[in-house]
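Colleague: This is what each chain is made of:
Number of protein chains: 2
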Amino acid sequence: MILVNGEPEGRVSPLDRGLLLGDGLFETLRVRQGRPQLWAYHWARLTRGLGHLGFPEIGETEVLDEIARVATLPACMVRLTVTRGEGPRGYAPPAAPALTRIVSAGPALDDAAPTERESLSLGWAAVPIGVNPALAGLKHTSRLEHVMARRSWQPGWDEAILHDALGRVVSATQGNLWLREGRTLLTPPVDQSGIAGTRRAWVLEHAERFGFEVIEAYPDPARIERADALYVSNARIGMTPAVLSEGDKRGPAWQDDPLYSMGIALHEAD
Amino acid sequence: MILVNGEPEGRVSPLDRGLLLGDGLFETLRVRQGRPQLWAYHWARLTRGLGHLGFPEIGETEVLDEIARVATLPACMVRLTVTRGEGPRGYAPPAAPALTRIVSAGPALDDAAPTERESLSLGWAAVPIGVNPALAGLKHTSRLEHVMARRSWQPGWDEAILHDALGRVVSATQGNLWLREGRTLLTPPVDQSGIAGTRRAWVLEHAERFGFEVIEAYPDPARIERADALYVSNARIGMTPAVLSEGDKRGPAWQDDPLYSMGIALHEAD
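Read top to bottom, the protein sequences are chains A and B. Just so we're aligned, residue 54 is where the first sequence starts under the working numbering, counting upward by one. Just so we're aligned, residue 54 is where the second sequence starts under the working numbering, counting upward by one.
Worth flagging that the hints you see were computed from the coordinates, not collected in a lab. It is possible that some hints are incorrect.
Remember, identical chains collapse to one label, so a pair may be satisfied in a single copy or spanning two.
[Unchecked claim] Below 20 Å or equal to it, Euclidean Cα-Cα: the simulated SDA-like pairs (lysine to any residue) are:
(1) K192 - A97
(2) K192 - G143
(3) K192 - E113
(4) K192 - I268
(5) K192 - E62
(6) K302 - S172
(7) K302 - P127
(8) K192 - R142
(9) K192 - P141
Remember, it's a predicted structure, so these values are computed and weren't measured experimentally.
Just chain A, with the same shape it has in the complex (with noise of 0.2 Å):
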């Protein structure tokens, strides 16, 4: 099911500035009984977007029950999209704005725990994201960067570590990148390029309680390929090891890595 504007089988209009401009913001949610895991993290992203774009605030009792309605399944992903609706032609918005909800559920993975996953793997993808700071974290609809390099992805990859046009890696292609070296999880910023992910902003809070420190910093190829571990991050998957497709001797070992019970803990959480 679809909602647009809480309407089941909405349309939008041609002259919403979402379609015309990509004047929207997003979010991903892992829905569990009709519930969104790390809902306060998802709603700090979004309604701090809304204050940036310069959006009007919208009710959050309104859009949990949209949610809810939308996930009929005991576990499913939801896609929550706000856009600045219709306006006139041209960049300027208008000053006062009808936003276009749209909310739309789509099938989870199944709920395994993580442990028993297979690792990513990983490659690197072609085409590089933007830089741009006044932007970088949010979860905006323009999103056209992120199509070019997931279009640039090989065969038999589950992802790829993307890099900006300054040649720096940022992320993963559709998640968030960690290294781990010893009892240190390294994760690139995103005040630069990229998304600040909910699982990610869980993770630099509670790393400390499993015996972790995060340090943010751009990772080189060769960090990469010597840090004890790899890592992706976002609400689908939660933290999902990651090998290099190419040449990684680093197996599979999730359920004797030191990330595990974290893991399991972001996985569980509400």
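Using the hints, position chain B against chain A.
Modeller: Just chain B, lined up with the frame of chain A:
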């Protein structure tokens, strides 16, 4: 009138990738008597974009027919938008996309020769656009950074100079930027960010005939202040003179400007 895949008053699917991911291209056309001005330039840019994004080809005759259908006034501006259409969830594009075409008309400037227009008052946009050679030049629909730059204009400005995330002046917000220094025209390159305007392309091709040399370079603010004259170009305004909104001693002297005859030729070009 608006046509969606040729249908008057059509609506768009909430699963359209243009809406969800900014996965599309557009052209803004000045249409006179149903015919888009400089169509060859628009079509060349659009087909280059379609190829770059991996979209299938579209029919030129069909598109021109739709443009003529919506262009019911003797002079109007038509926006042609092409998105990748519906797709599965996520960034990965469908193997065989069914594109969405949206064609809509709006008012043009009155068709007075540019000599009779006032100079644009030009501010400095406070928000940068990103750097990404992978998408630079294309007129794609992932335009949130232009929306944000446009939002940063101050009252009284008609246009604003846009810089990129590395601080380089790359264009105006809604068009390309030009500095005249004697018989030399300077315009920023569009291979790192910005849009390769059709009027920019026309000037690059025709300047020599009017006795101008063109160089592509990033002008620093001092050079912008010192130039003999400033212009902004786009499909709507052609080539229009501009003065800085604050402290600019250069009067609007378009009729006496060495560029006058070229501006008129562009205005009248087919």
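Colleague: Give the relationship of K192 and E113 under a CA distance limit of 20 Å: within one copy only, between copies only, both, or neither.
Modeller: within (18 Å within a copy, 35 Å between copies)
Colleague: Under a CA distance limit of 20 Å, which applies to K192 and A97: within one copy, between copies, both, or neither?
Modeller: within (12 Å within a copy, 32 Å between copies)
Colleague: Under a CA distance limit of 20 Å, which applies to K192 and G143: within one copy, between copies, both, or neither?
Modeller: between (22 Å within a copy, 13 Å between copies)
Colleague: Treating 20 Å as the Cα threshold, decide for K302 and P127: within, between, both or neither.
Modeller: Close neither inside one copy (38 Å) nor across copies (68 Å); limit 20 Å.
Colleague: How do K192 and I268 come out at 20 Å by Cα distance, when the copy is not named: within, between, both, or neither?
Modeller: Neither: 22 Å inside a copy, 38 Å across copies.
Colleague: As a check of your reading, is K192 near E62 (CA-CA no more than 20 Å) within one copy, between copies, both or neither?
Modeller: Neither: 25 Å inside a chain and 31 Å across chains, both beyond 20 Å.
Colleague: Should K302 paired with S172 be assigned to within, between, both, or neither, using CA atoms and 20 Å as the limit?
Modeller: So K302 and S172 pass the 20 Å test inside one copy only (13 Å; across, 65 Å).
Colleague: Should K192 paired with P141 be assigned to within, between, both, or neither, using CA atoms and 20 Å as the limit?
Modeller: Classified as between: cross-chain Cα gap 19 Å, same-chain 24 Å, threshold 20 Å.
Colleague: Reference check for the pair K192 and R142, CA-CA at most 20 Å: within, between, both, or neither?
Modeller: between (24 Å within a copy, 15 Å between copies)
The structure fails hints 4, 5 and 7 (numbered hints given earlier, in ascending order).
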